[in-house]
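Peer 1: Could you build all of it, start to finish, from the sequences and the hints given here?
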Amino acid sequence: MKENVFVVTSGKGGVGKTTTTANLGVALARLGKQVALVDADIGLRNLDLVLGLEKRIVYDVVDLAEGRCQTRQALIKDKRLEGLYLMPAAQTKDKEAVTEAQMERVAERLSQEFDIVLIDCPAGIEHGFRNAIAGADEAIVVTMPEVAAIRDADRILGMLDDRRARLVVNRVRPEMVKSGDMLSVEDVKDILGREILGVVPDDEEIIDTTNRGQPVALDPARRLSGVYTVMARRLLGEAVDMAPVFSDGIWTKLRSLLVGQR
Amino acid sequence: MPCNGGREAPTVQIKGTKSGLLLHLHERPLTAVVAKLRERLAALPQFYRGGRAVLMLGDGALESQEVEGVVATLEEFGISADGAVCDSDDVAEAARAAGLRIVAASVAAAPRVRDDRTDPADVRRAWHEGGEDAARSIARRSGTNGKPAGGGSGAQNCYYKGTLRSGQSLSAFGSIVIVGDVNAGAELIATGDIVVWGTLRGVAHAGAEGDDSAAVYALRLEPTQLRIARHIAAAHGEAKKTRGALTPEVARVLAGAIVVEAAGAPPRQHASSR
Amino acid sequence: MSNDVRAHEPVEVMQHVADTAAADTGVQETTAAGVSAATGRAIVITSGKGGVGKTTVTANLGTALADAGRKVVVVDADVGLRNLDVVMGLENRVRRHSLDVIEERCTLDEALVRDRARKTLSLLPAAQDREKDDMPLEGMQRLALELRRRFDIVLIDCPAGIEHGFRNAVVGAQEAIIVTTPEVSAVRDADRVAGLLPHDMPVKLIINRIRPHLVKKGTMLTIEDVLDILRLELIGVVPDDKDVIVATNRGAAVVDIAGSQTGAAFRRIAGRLLGEDIPIPVLQDRSPWLQRMISSMRRPRS
Chain A
8 MKENVFVVTS GKGGVGKTTT TANLGVALAR LGKQVALVDA DIGLRNLDLV LGLEKRIVYD
68 VVDLAEGRCQ TRQALIKDKR LEGLYLMPAA QTKDKEAVTE AQMERVAERL SQEFDIVLID
128 CPAGIEHGFR NAIAGADEAI VVTMPEVAAI RDADRILGML DDRRARLVVN RVRPEMVKSG
188 DMLSVEDVKD ILGREILGVV PDDEEIIDTT NRGQPVALDP ARRLSGVYTV MARRLLGEAV
248 DMAPVFSDGI WTKLRSLLVG QR
Chain B
912 MPCNGGREAP TVQIKGTKSG LLLHLHERPL TAVVAKLRER LAALPQFYRG GRAVLMLGDG
972 ALESQEVEGV VATLEEFGIS ADGAVCDSDD VAEAARAAGL RIVAASVAAA PRVRDDRTDP
1032 ADVRRAWHEG GEDAARSIAR RSGTNGKPAG GGSGAQNCYY KGTLRSGQSL SAFGSIVIVG
1092 DVNAGAELIA TGDIVVWGTL RGVAHAGAEG DDSAAVYALR LEPTQLRIAR HIAAAHGEAK
1152 KTRGALTPEV ARVLAGAIVV EAAGAPPRQH ASSR
Chain C
17 MSNDVRAHEP VEVMQHVADT AAADTGVQET TAAGVSAATG RAIVITSGKG GVGKTTVTAN
77 LGTALADAGR KVVVVDADVG LRNLDVVMGL ENRVRRHSLD VIEERCTLDE ALVRDRARKT
137 LSLLPAAQDR EKDDMPLEGM QRLALELRRR FDIVLIDCPA GIEHGFRNAV VGAQEAIIVT
197 TPEVSAVRDA DRVAGLLPHD MPVKLIINRI RPHLVKKGTM LTIEDVLDIL RLELIGVVPD
257 DKDVIVATNR GAAVVDIAGS QTGAAFRRIA GRLLGEDIPI PVLQDRSPWL QRMISSMRRP
317 RS
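Protein chains in written order, with the working numbering: chain A, 8 to 269; chain B, 912 to 1185; chain C, 17 to 318.
To be clear, the hints were calculated from the coordinates, so they are not data collected in a lab.
Glycine included, C-beta positions come from ideal geometry on N, C-alpha and C.
Warning: the hint list may mix true and false statements.
Far from chain C, some chain B residues (derived; all Cβ distances over 10 angstroms) [said to hold, decoys possible]:
#1 I925
#2 L932
#3 R963
#4 E987
#5 A1003
#6 G1078
#7 D1092
#8 A1095
#9 G1096
#10 E1120
#11 D1122
#12 L1157
#13 V1171
Keeping only pairs whose Cα atoms sit at most 27 angstroms apart, straight-line, the calculated DSSO-like set for lysine-lysine is [claimed, not checked]:
#14 C:K87 / A:K196
#15 A:K62 / B:K947
#16 C:K232 / C:K220
#17 A:K100 / A:K84
#18 C:K220 / B:K1072
#19 A:K196 / A:K185
#20 C:K220 / C:K87
#21 A:K86 / A:K62
#22 C:K220 / A:K100
#23 A:K185 / C:K258
#24 A:K62 / C:K233
#25 A:K9 / A:K62
#26 A:K40 / A:K86
#27 A:K62 / A:K100
#28 C:K87 / C:K135
#29 A:K100 / B:K947
#30 A:K185 / B:K1072
#31 C:K258 / C:K232
#32 B:K947 / B:K926
#33 A:K9 / A:K40
#34 C:K233 / C:K258
#35 A:K62 / A:K40
#36 A:K62 / A:K84
Peer 2: Listed below in structure tokens is the structure:
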């Protein structure tokens, strides 16, 4: 039994679950893995938009759960990469359209066929959240160094049963951390008491992912791409230092925040 | 593609849905599948009686006689075969020759005329109180959802004034006319034509039961995806954002592919006129 | 909590809320028990997409409305993931919550938290250790009705999503404000929500976190793009501002930060909500089409 299904969750909306799922998935595929991304946000689907695959959706996870298609028909292969597949959510249904048991079966099926499965969880802690975690072995909890996000992450951590959970700290602004206007990554780690999988600085580059369907991790020339590659390698179990290699202003500040993070 | 479809499905899968049975009949030869089907049905001979079933025939080669065999077996147990979902043209032909109508998977799932957008106020309120199930049961009671699939003569064309928002869907046996926009994330399914007097940004499926001569018209045609009968097309490149002057267009199937042309140009040679 | 509200049959309460959906405020209505009327306006602040700023809008709009002389209550409808108390800087004063009231463990007065700086502004917190399914719809309706008796404006901070929590937040409201950012996913979710709100509910739009330099670059949608899709009455446009993060982390109101563009925007929105004719300032070059659209907006009565 492979333990390779990860749910990407947060509690708080808007902290970057979908962006993380997309970019981490791309980074893993670029490392040669076979990756399946599942959008569990039925009724408010966005993972397809963020990946730029919206136009190719024919079947979705609800069709699969209700037996209207086979697994391979509900998977869209990303033509830009070898080994990245998306299973989209339905837009014209709501969260009650699938049961936890159905989602577990879908996750189980994908777990057998792929190296890594990432499930993009909806915001909140309601039915949609429970559906998304049903088939997951581990959790990736995305948060921001901001009070409301941390509070919600804390609540979420208490709802994951005994699954291993690691943190992705998103939208870090090193200059604000220095001036005391933002919590540091160390603070976040202390409060939530979990290991950190990755730290992502606030960078307008990410908007290309969110608004244009071009995940930033696709392009090795982009600064953020390196961040997601590091995150992917850490997910795969490599003991990689999180601090990025660039040395322009903002990044050296980030580096100094991360020195000593493992 | 790491997925192996063959390994996954048991030989005969019978799924019950709110609209009837879905029979997964992807494996070949179909005659062997029929034997398994008979076994399954014979175990509970009265259970399915009076129901309707949609056959999911996949894309493996088969003959129309084999399909007829399935239909006959179902009839023995009082189940009427109501249509087939086919993943290839050859399979669709065989199914048609056996007398089955061809349906899209989405239509198979929702074969009744269903208009999510123009819920009367009580249905909308029911949704707010109890979610999808409550809304559906109210709709059934008040008769707003209606006719059984394939039953009744004549089309039920749908005329709707207003904008269809993301997540809303409209399906009809007949043609659909919308005076308003169809936003991205919204879905239209019609057995006939689709006409949008506004901007079409969502997904439109015309000729949903296999009518290749169906067309999609819009004042602004910027759909996420267009489907006519079994053809599917997505726009190239980024979504265009047109402002100012409207450019009415019509999408049709020509020589096996979906083609978009400016509305008002005389239509090129077609197999049938509507 | 007064007994008369709890005595109402849910059906009667629903009828009542529906009747007042399009009504003027200030009209005297009597309930079946003959208790004095609920004349306040209940407005749900929703979005579909998380993280676009519903809670910040609720807190700051509430503050601005209180400064404009109204009695305001902000209601946290995010059971289990409450944040409105933190954003208001009142988390240390939270003793009881809305479920305590519904489940009759305390009175409404005991649950309401008065703002530290503004006497006419109160908060009704949500439970943190419960789930949204625990809150019955009739409960929210009754609460909203009772709040409308005591306050001029009831702002309901809706959770993200379109599940039970969303339905709960909407059921007690007569009007809606949808908050979106000029990003494709947010607009898509806002559209979804717009299609789920009751037909007869007036809906307005706030476009939050505008970054004009990104719009220029073409990586963010323009106001025009957003309105072209959503076709809702625009009630305000709020610039992106790092002041907001600082303020939320400290539980301070952005409207209190001197010289803050964001604070000023919220004050203008509050004014428009109360019926004042305040034009939306130019954050970027706009087409004549948009100018016409904005100037043709009807003003609500206050």
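Peer 1: So, for every hint listed, does it hold in this structure?
Peer 2: Here is what the structure says about each hint:
{"no.": "1", "hint": "I925", "result": "31 angstroms, holds"}
{"no.": "2", "hint": "L932", "result": "30 angstroms, holds"}
{"no.": "3", "hint": "R963", "result": "31 angstroms, holds"}
{"no.": "4", "hint": "E987", "result": "44 angstroms, holds"}
{"no.": "5", "hint": "A1003", "result": "34 angstroms, holds"}
{"no.": "6", "hint": "G1078", "result": "4 angstroms, violated"}
{"no.": "7", "hint": "D1092", "result": "8 angstroms, violated"}
{"no.": "8", "hint": "A1095", "result": "6 angstroms, violated"}
{"no.": "9", "hint": "G1096", "result": "6 angstroms, violated"}
{"no.": "10", "hint": "E1120", "result": "27 angstroms, holds"}
{"no.": "11", "hint": "D1122", "result": "29 angstroms, holds"}
{"no.": "12", "hint": "L1157", "result": "13 angstroms, holds"}
{"no.": "13", "hint": "V1171", "result": "21 angstroms, holds"}
{"no.": "14", "hint": "C:K87 / A:K196", "result": "41 angstroms, violated"}
{"no.": "15", "hint": "A:K62 / B:K947", "result": "38 angstroms, violated"}
{"no.": "16", "hint": "C:K232 / C:K220", "result": "25 angstroms, holds"}
{"no.": "17", "hint": "A:K100 / A:K84", "result": "23 angstroms, holds"}
{"no.": "18", "hint": "C:K220 / B:K1072", "result": "21 angstroms, holds"}
{"no.": "19", "hint": "A:K196 / A:K185", "result": "17 angstroms, holds"}
{"no.": "20", "hint": "C:K220 / C:K87", "result": "21 angstroms, holds"}
{"no.": "21", "hint": "A:K86 / A:K62", "result": "13 angstroms, holds"}
{"no.": "22", "hint": "C:K220 / A:K100", "result": "25 angstroms, holds"}
{"no.": "23", "hint": "A:K185 / C:K258", "result": "15 angstroms, holds"}
{"no.": "24", "hint": "A:K62 / C:K233", "result": "24 angstroms, holds"}
{"no.": "25", "hint": "A:K9 / A:K62", "result": "32 angstroms, violated"}
{"no.": "26", "hint": "A:K40 / A:K86", "result": "15 angstroms, holds"}
{"no.": "27", "hint": "A:K62 / A:K100", "result": "18 angstroms, holds"}
{"no.": "28", "hint": "C:K87 / C:K135", "result": "9 angstroms, holds"}
{"no.": "29", "hint": "A:K100 / B:K947", "result": "34 angstroms, violated"}
{"no.": "30", "hint": "A:K185 / B:K1072", "result": "56 angstroms, violated"}
{"no.": "31", "hint": "C:K258 / C:K232", "result": "20 angstroms, holds"}
{"no.": "32", "hint": "B:K947 / B:K926", "result": "15 angstroms, holds"}
{"no.": "33", "hint": "A:K9 / A:K40", "result": "14 angstroms, holds"}
{"no.": "34", "hint": "C:K233 / C:K258", "result": "20 angstroms, holds"}
{"no.": "35", "hint": "A:K62 / A:K40", "result": "25 angstroms, holds"}
{"no.": "36", "hint": "A:K62 / A:K84", "result": "12 angstroms, holds"}
When the structure is compared with the earlier hints, violations turn up for hints 6, 7, 8, 9, 14, 15, 25, 29 and 30 and for no others.
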